[in-house]
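Chemist: Chains as they are written, first to last, in my numbering: chain E, 1 to 367; chain W, 1 to 291.
Check each hint, because a few of them may be wrong.
[To be verified] Below, simulated DSS-like cross-link-like pairs (lysine-lysine); rule was C-alpha separation at most 27 Å, straight line:
{"#": "1", "chain 1": "W", "residue 1": "194", "chain 2": "E", "residue 2": "166"}
{"#": "2", "chain 1": "W", "residue 1": "194", "chain 2": "W", "residue 2": "98"}
{"#": "3", "chain 1": "W", "residue 1": "98", "chain 2": "E", "residue 2": "112"}
{"#": "4", "chain 1": "E", "residue 1": "183", "chain 2": "W", "residue 2": "98"}
{"#": "5", "chain 1": "E", "residue 1": "106", "chain 2": "W", "residue 2": "98"}
{"#": "6", "chain 1": "W", "residue 1": "58", "chain 2": "E", "residue 2": "69"}
{"#": "7", "chain 1": "W", "residue 1": "58", "chain 2": "E", "residue 2": "104"}
{"#": "8", "chain 1": "W", "residue 1": "58", "chain 2": "W", "residue 2": "188"}
{"#": "9", "chain 1": "W", "residue 1": "194", "chain 2": "E", "residue 2": "104"}
{"#": "10", "chain 1": "E", "residue 1": "166", "chain 2": "E", "residue 2": "104"}
{"#": "11", "chain 1": "E", "residue 1": "166", "chain 2": "E", "residue 2": "106"}
{"#": "12", "chain 1": "E", "residue 1": "69", "chain 2": "E", "residue 2": "166"}
{"#": "13", "chain 1": "E", "residue 1": "296", "chain 2": "E", "residue 2": "273"}
{"#": "14", "chain 1": "E", "residue 1": "112", "chain 2": "E", "residue 2": "183"}
{"#": "15", "chain 1": "E", "residue 1": "69", "chain 2": "E", "residue 2": "104"}
{"#": "16", "chain 1": "E", "residue 1": "183", "chain 2": "W", "residue 2": "188"}
Hint data in this document are derived by calculation from the structure and do not stem from the laboratory.
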Amino acid sequence: MTLTLEGVAKRVGAEQHLHPLSLELQPGSFNVLLGRTLAGKTTLMRLMAGLDAPTAGRVLENGQDVTGKSVRHRDVAMVYQQFINYPAMTVYENIASPLRRQGKDKAETDAKVRRTAAMLRIEPYLDRLPAELSGGQQQRCAIARALVKGAGLLLLDEPLVNLDYKLREELRAELREIFADGKTTVVYATTEPQEALILGGNVTVLHEGRMLQTGPTGAVFHTPASLECAQVFSDPPMNVVDAILTNDRVALSDGTGLPLSAHDRNLPAGPCKVGIRANHLTVLRRNERLVPIRGKVALSEISGSETFVHLRHGDTTLIAREEGVHSHPIGSDIQVYADPDRIFVFSAAGQLVAAPNWRRGALRNIA
Amino acid sequence: MDKVQDNRAWFLIIPVFLIVAFSAVIPLMTVVNYSVQEIFGPGQTFFVGTEWFEAVLKDDRLHDALVRQIIYSLAVLAIEIPLGIVIALGMPGGRSAKTSLTLVLLALPLLIPFNVVGTIWQIFGRGDIGLLGATFRAIGIDYNYTNNSAHAWLTVLVMDVWHWTSLVALLCYAGLQSIPPAFYQAAKIDGASKWAVFRYIQLPKMRGVLIIAVLLRFMDSFMIYTEPFVLTGGGPGNSTTFLSQYLTQMAVGQFDIGKAAAFSIVYFLIVLLFSFIFYTIITRTGEGEKK
Numbered sequence: 001m002t003l004t005l006e007g008v009a010k011r012v013g014a015e016q017h018l019h020p021l022s023l024e025l026q027p028g029s030f031n032v033l034l035g036r037t038l039a040g041k042t043t044l045m046r047l048m049a050g051l052d053a054p055t056a057g058r059v060l061e062n063g064q065d066v067t068g069k070s071v072r073h074r075d076v077a078m079v080y081q082q083f084i085n086y087p088a089m090t091v092y093e094n095i096a097s098p099l100r101r102q103g104k105d106k107a108e109t110d111a112k113v114r115r116t117a118a119m120l121r122i123e124p125y126l127d128r129l130p131a132e133l134s135g136g137q138q139q140r141c142a143i144a145r146a147l148v149k150g151a152g153l154l155l156l157d158e159p160l161v162n163l164d165y166k167l168r169e170e171l172r173a174e175l176r177e178i179f180a181d182g183k184t185t186v187v188y189a190t191t192e193p194q195e196a197l198i199l200g201g202n203v204t205v206l207h208e209g210r211m212l213q214t215g216p217t218g219a220v221f222h223t224p225a226s227l228e229c230a231q232v233f234s235d236p237p238m239n240v241v242d243a244i245l246t247n248d249r250v251a252l253s254d255g256t257g258l259p260l261s262a263h264d265r266n267l268p269a270g271p272c273k274v275g276i277r278a279n280h281l282t283v284l285r286r287n288e289r290l291v292p293i294r295g296k297v298a299l300s301e302i303s304g305s306e307t308f309v310h311l312r313h314g315d316t317t318l319i320a321r322e323e324g325v326h327s328h329p330i331g332s333d334i335q336v337y338a339d340p341d342r343i344f345v346f347s348a349a350g351q352l353v354a355a356p357n358w359r360r361g362a363l364r365n366i367a
Numbered sequence: 001m002d003k004v005q006d007n008r009a010w011f012l013i014i015p016v017f018l019i020v021a022f023s024a025v026i027p028l029m030t031v032v033n034y035s036v037q038e039i040f041g042p043g044q045t046f047f048v049g050t051e052w053f054e055a056v057l058k059d060d061r062l063h064d065a066l067v068r069q070i071i072y073s074l075a076v077l078a079i080e081i082p083l084g085i086v087i088a089l090g091m092p093g094g095r096s097a098k099t100s101l102t103l104v105l106l107a108l109p110l111l112i113p114f115n116v117v118g119t120i121w122q123i124f125g126r127g128d129i130g131l132l133g134a135t136f137r138a139i140g141i142d143y144n145y146t147n148n149s150a151h152a153w154l155t156v157l158v159m160d161v162w163h164w165t166s167l168v169a170l171l172c173y174a175g176l177q178s179i180p181p182a183f184y185q186a187a188k189i190d191g192a193s194k195w196a197v198f199r200y201i202q203l204p205k206m207r208g209v210l211i212i213a214v215l216l217r218f219m220d221s222f223m224i225y226t227e228p229f230v231l232t233g234g235g236p237g238n239s240t241t242f243l244s245q246y247l248t249q250m251a252v253g254q255f256d257i258g259k260a261a262a263f264s265i266v267y268f269l270i271v272l273l274f275s276f277i278f279y280t281i282i283t284r285t286g287e288g289e290k291k
């Protein structure tokens, strides 16, 4: 289904939970809502589902105004953060329940339930009750129930957040395939930039109830419209340093000078803000163009097979990424290298001025 | 392989041991002792074996009281459990003044002592000065709990419903409050009917508290004493003479200590047996609906 939001907003009492925003989701598209907690993701989803009515604006399904229409009569399915299944029904009955309601005949119901269960790999557990399953299996059951309904709009509100790391990775990898049937418009809310990148499709970045940017995930990641948007879409947060742009270099506030690159050449001189993602501030000097920055280690955290070094540099803290697992004593001197070809230049007000060039295929490497 | 001896543990166990001994074990054993003796007076006791138990099991009045008791307890459960659930479903949720007011109002009957409840209804039901009695009289029903067995029996039942339905309602309310709102949203999106929401979400989620409610209400109503005692003293005739009533008459009225002791033990075993049966039935039906 084509879902169109026209200037929808939600206000509760004196509080504006969602500022007016307009959005159009194409049939069969995969859309990620990215934002931190309290950004308004759930509020927006509830408006899309029809669980709440917007205080302003219109919601259209395939061009038809459904703003005031009850969720009961809409063509929508939803999966929640909590694992929501009917506790007294077996997995089979749970998955079959939407079909029963639609009045499908026995053979068709059975075939659909089994096909969906197989797709989500819970076929062996069809006779069990949800409480007898692991968390991951319970969520698979909930996803199966939502999928089998065949609704035009499928909403997933941080469905993987209550699962452990391993299961999350596993299910995340399968999700794209599962949703790639081409008819259902999928909306997937998450707080994790990494998850948005892996899932791909389109992304809409929300922050404090405002829509910051929307577009293909790769494009938004590589050319965030504002500093705020870049921060929401970077994990760890993007390093931001005040700088002055001159005609031959970018002078960071601490005196470090970065040579100009293809993307930030010919920009008007003046004060600006420079953003460097942690993976472009490295401990290893990969090539001669990289510019050293000195600092003292404030913290080093290991995440998977990489290390993030937090270093105190002047009065700011920078985060650098290091391949592999390393330990750096707190307080020790360290030298990291900034890549002048990968810096983002923002105006003093935080609007994007120049972003590093990126190839269309680049996203794949990150994911 | 040295075991560390730490005798301090005894200091922790002994107080509990003593309390349980004096409050439960010793009295219970005394009753067991009485139940096998013929007692004429202090020092004049004769061992009679199981005679008292045989007498108890053959006692027709006791059989009548037991049947009356079972019907009464089942009636209590059949009314209070569904009624409590309905009240809990109708209660306002969230943190509002309305919620607090409802909770306080519901808790009120629970705070009233048994004999006061009995007295309240005794006066309430009187034809001359009681509101209930007078109302019945005004609409032409000859309501009189002192000489009509059915009226007395129903009055005791209504009294119990009035006194204890709140407890069931409060327990169910607690159970309902623990259901995350997402369940209701999901049901709404699924287009589930109100009945389906109740049957497949609320009822299974209330299962734990319902077990407790059924057991508590069963055991309590099975041991009812004060209300009929205050209302009519077990009458008219024997219509509201339940097991406790009969036991008391036997022990304190006729001073049949031995027989009463045997009766107490049988009574205890009956309560235990019924509680076990209820517990087993409820936990078996809908196994795994706990979560």
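Chemist: Does each hint hold? Answer for all of them.
Modeler: Checked hints:
1. 194(W) / 166(E): violated, 38 Å
2. 194(W) / 98(W): holds, 23 Å
3. 98(W) / 112(E): violated, 46 Å
4. 183(E) / 98(W): violated, 47 Å
5. 106(E) / 98(W): Since the Cα atoms of residue 106(E) and residue 98(W) sit roughly 47 Å apart, the hinted pair is violated (cutoff 27 Å).
6. 58(W) / 69(E): violated, 70 Å
7. 58(W) / 104(E): violated, 62 Å
8. 58(W) / 188(W): violated, 59 Å
9. 194(W) / 104(E): It holds: about 21 Å lies between the C-alpha atoms, which stays within 27 Å.
10. 166(E) / 104(E): violated, 37 Å
11. 166(E) / 106(E): At roughly 37 Å apart (the allowed maximum being 27 Å), residue 106(E) and residue 166(E) break the hint.
12. 69(E) / 166(E): Judged against 27 Å, a Cα distance of about 40 Å means the pair is violated.
13. 296(E) / 273(E): holds, 22 Å
14. 112(E) / 183(E): Answer holds: residue 112(E) to residue 183(E) is near 16 Å, not above 27 Å.
15. 69(E) / 104(E): holds, 24 Å
16. 183(E) / 188(W): With a Cα-Cα distance of about 23 Å, the restraint between residue 183(E) and residue 188(W) holds, given a limit of 27 Å.
Of the numbered hints listed earlier, those contradicted by the structure are 1, 3, 4, 5, 6, 7, 8, 10, 11, 12.
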